[in-house]
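2 protein chains.
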Amino acid sequence: VSSKEFCRLGWRRAQRHGVRMLLALFVVCGSTRAGEDPVAIPYDPAQTIIDAALGDTYAYDRLGELCDQIGPRLAGTERMRAAIAWAVQTLQQAGFDSVWTEPVRLPLWERGEEWARVTSPEPFDLTLLGLGNSVGTPPGGIEAALLVVESFEELESRAAEAAGRIVLFNPTWRGYGETVRYRGGGASAAARHGAVACLVRSVTDASLATPHTGMMTYADSLPKIPTAAITVEDAGRLQRLARRGAQPRVRLSMGARTLPEVESFNVVAEIRGREKPEDIVLAAGHLDSWDTGTGAHDDGAGCLITMGAARLLLQMGLRPRRTLRIVWYEAEEFGGIGGRAYFQAHRDELDRYVAALESDSGAFPPRGFSVQADSTIVQRLQTMARPLANLEAAEVQPGWSGVDIRPLVQAGVPGIGHRTRADDYFHYHHSPADTFDKIDPEALARNVAAVATLLYAIAEADAPLRPIGSATAAPGSHE
Amino acid sequence: VSSKEFCRLGWRRAQRHGVRMLLALFVVCGSTRAGEDPVAIPYDPAQTIIDAALGDTYAYDRLGELCDQIGPRLAGTERMRAAIAWAVQTLQQAGFDSVWTEPVRLPLWERGEEWARVTSPEPFDLTLLGLGNSVGTPPGGIEAALLVVESFEELESRAAEAAGRIVLFNPTWRGYGETVRYRGGGASAAARHGAVACLVRSVTDASLATPHTGMMTYADSLPKIPTAAITVEDAGRLQRLARRGAQPRVRLSMGARTLPEVESFNVVAEIRGREKPEDIVLAAGHLDSWDTGTGAHDDGAGCLITMGAARLLLQMGLRPRRTLRIVWYEAEEFGGIGGRAYFQAHRDELDRYVAALESDSGAFPPRGFSVQADSTIVQRLQTMARPLANLEAAEVQPGWSGVDIRPLVQAGVPGIGHRTRADDYFHYHHSPADTFDKIDPEALARNVAAVATLLYAIAEADAPLRPIGSATAAPGSHE
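Line order of the protein sequences matches chains P and X.
Position in the first sequence (first residue = 1) + 62 = our numbering.
Position in the second sequence (first residue = 1) + 62 = our numbering.
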């Protein structure tokens, strides 16, 4: 029984056949440190990978550099260029076989100066973050009476009051997917009824006067009005004032604008496959972040989890049968621009992808993986993930994979989303609080362990996760 | 058995004597609403007070007005004057027998414009709040290399590095009392070694990029250097950068200054005692707040808990034997200036105070009371508080009472601190997150219930809590 087959056989069957004992005696030649002599060590691949990951601070240390020394990395900006330079250097030093960048063209959104102030009934300043893609106000800002609503439905029922007003959406938190609709589509919904600007309560379930930004989009047919997130605290106060009949007025000034396209880059690194270098297992995070906080959980963590996992295999001398390709995408926060650029540049090799994994749910304790692929593949991944049970990271279910890998998944590549126990994620998400102090080194190491174990199993498996050469056979079949 | 005696007898003895049944049949004449006819109702005073408080939203509604409509109320400012005007009107409308203001002279501290920016190794903005009483910087600010230390001890051991630097204290949270020493005394400790400014990690055990301000004081013999709190996030990042050898530089600009004394006011309201109007039970909160957030827990809550408790007794027709005096102090946040002014103005009546209660631990679920008085008084208060057991508010222990009533307590008046289950208090304390949305109406009502019950017991008790007329006999005896 070879180490490759344990993946295919599955843990239960392996145990029945006494494979576990055999595995414990299985010997590979591996070098644990670059420059050291290769040593022969007995190991169980999964548990050995897990143990090595849990004893390693590499991902944590590099994530600290990225967050603290580079800082926030808004797509297309000078800081993102600094992050890309750091990324190339770091990936090279980590010993990947090849490291390169691939161009991504993207419109450059600039925040500019921004402020908002209640001018009536009593003046007070609002804490805000303009939303990504928003237009700015005229110089000096816009002042108007506020219309506070809790939902799209309430806006529709009060549509006659919206003209000439600034609409504030103050929706109760009902989970991210439900609540983020106001951030994404609030401005055009308000513009449809003649509003001159739109404010949105920050999309979070916990606030200490913390604003949360994020992407918005305009409907083509409607006027583009400026839009910003304000804090839960300010939104609540304005709603209460309005309910008491105070008719608040707000002056909003935003210097936001979108400049012509600039060139930026995805960063790619590879460990060439030992036997089938033409087969690719892609693992990705996104290097860009919002310009507030330092992009620690979103998504410095995903970059270091995937890269840290691949590097760990290298360090352990576990070069897998297939190629492991790490991609750190640009401009995920602006709707996956980097992911689409990668897809376009790699259209001719789609039949080479065994799977694509994306890690973009922070460095909270690992849970497992959600999979966009047919049920046979989900079942194989469930088997591969069983050794992660002790990490409480063995949950594999059908579900969303990731924004960046979506074009690949739509083209038929099995998509795997790395999942964490992210109950606190939205406390930090897109806010100044998404910083390195929120990263628990032990949880980060457990994520590296989980992803390294699964990537190794996929890249090493005797039979590929799906029939290679059929990538374009069923485009969009997983969505 | 009279209702007054139940307090003295204690719950256990009362139960043994069947007093509880008698109390249930005890009848008083009381009007439950101004303008309605007095009605005769059977009641148990404590439980009737508690039930009435739990069904009443008065305190919550008024606290909403204070926080949302008046907003932050920095001592001596125009907003504090607006709060005082609101207070007088509200207390009058609540039906107190008399409402008046008493002058408080205080130096006016102005925050001015303030910002801080790391200039090296990579520029980024710091989120800060200048500390109350701090001087400002010269125009354009001060730029210097940072010396990051975790403690006074580390500063002393690195004293030679401090000259010409900005010292950042980044102490680990070890409870408020221990950690706040850096806010209060960090600047002079740094100035002693030639530092040009001082930054302090915000004094809190939880942060979402939230700065926390508060009072500081200068040692007379040392240069006054500007000082501000920065967020936990920024402080941690700077410490990590320094540990990695990055030698951060910071430019700090603060427009803070202290203007000559201005006149402001404490606000006082009274329910005259039914039989002994000359005996005073004082209950207090402080009306001033910091200029960030809206002073909801600190200490709008204490104002409305004490006042709401007294008003509730009025509404129930339970005018107690002794006078209940509500004081809403000015300038507690600047070291209890209002409390000292009140004491000076009332020196000639110190022998009239039966007790002084202060509520300044927010509107979290009630816990009980901590008492600065001799053990006999603590025991009597424990007995009086027993009916609060169902509210989980019956804990009475020796301990700190309050900043504002401290001069009274030092002069021998029994001091009572209202205590809540304030585990989350420092998440909000002195920060933009101390806002009305953090107030739980049910917890607030329970606090009103607890304070009203205790105040009634003290003001109604057959025997006063201490021998009246002996107030100045043992000055300072409780500290």
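Heads up, some of the hints might be wrong.
[Claimed, not checked] Calculated Cβ distances over 12 Å to all of chain X for the following chain P residues:
1) H274
2) G317
3) S493
[Unchecked claim] Computed footprint of chain X on chain P, listed as stretches where at least three residues anywhere in the stretch have a Cβ under 8 Å from a Cβ of chain X:
4) 106-114
5) 178-190
6) 289-303
7) 502-508
Hints were generated in silico from the structure; no laboratory data involved.
We put the beta carbon where it would ideally sit given N, CA and C, even for glycine.
Against the structure, the hints:
Distance check on P/H274: its Cβ comes as close as 10 Å (rounded) to a Cβ of chain X, failing to clear the 12 Å threshold; non-interface status is violated. At the 12 Å boundary, the C-beta of P/G317 stays outside the reach of chain X, the nearest C-beta of that chain being 16 Å off. Here P/S493 does not stay apart from chain X, with its beta-carbon only about 7 Å from theirs, under the 12 Å limit. Figure legend: the segment 106-114 of chain P, annotated as covered by chain X; annotation inconsistent (0 residues with Cβ-Cβ distances under 8 Å, at least 3 required).
Counting residues of the segment 178-190 of chain P whose CB lies closer than 8 Å to any CB of chain X gives 4, which reaches the minimum of 3, so the coverage claim holds. A stretch counts as covered by a chain when three or more of its residues have a beta carbon under 8 Å from one of that chain; for the segment 289-303 of chain P and chain X the count is 7, and the coverage holds. For the segment 502-508 of chain P, the proposed coverage by chain X is not satisfied: 0 residues have a C-beta within less than 8 Å of a C-beta in that chain, short of the threshold of three.
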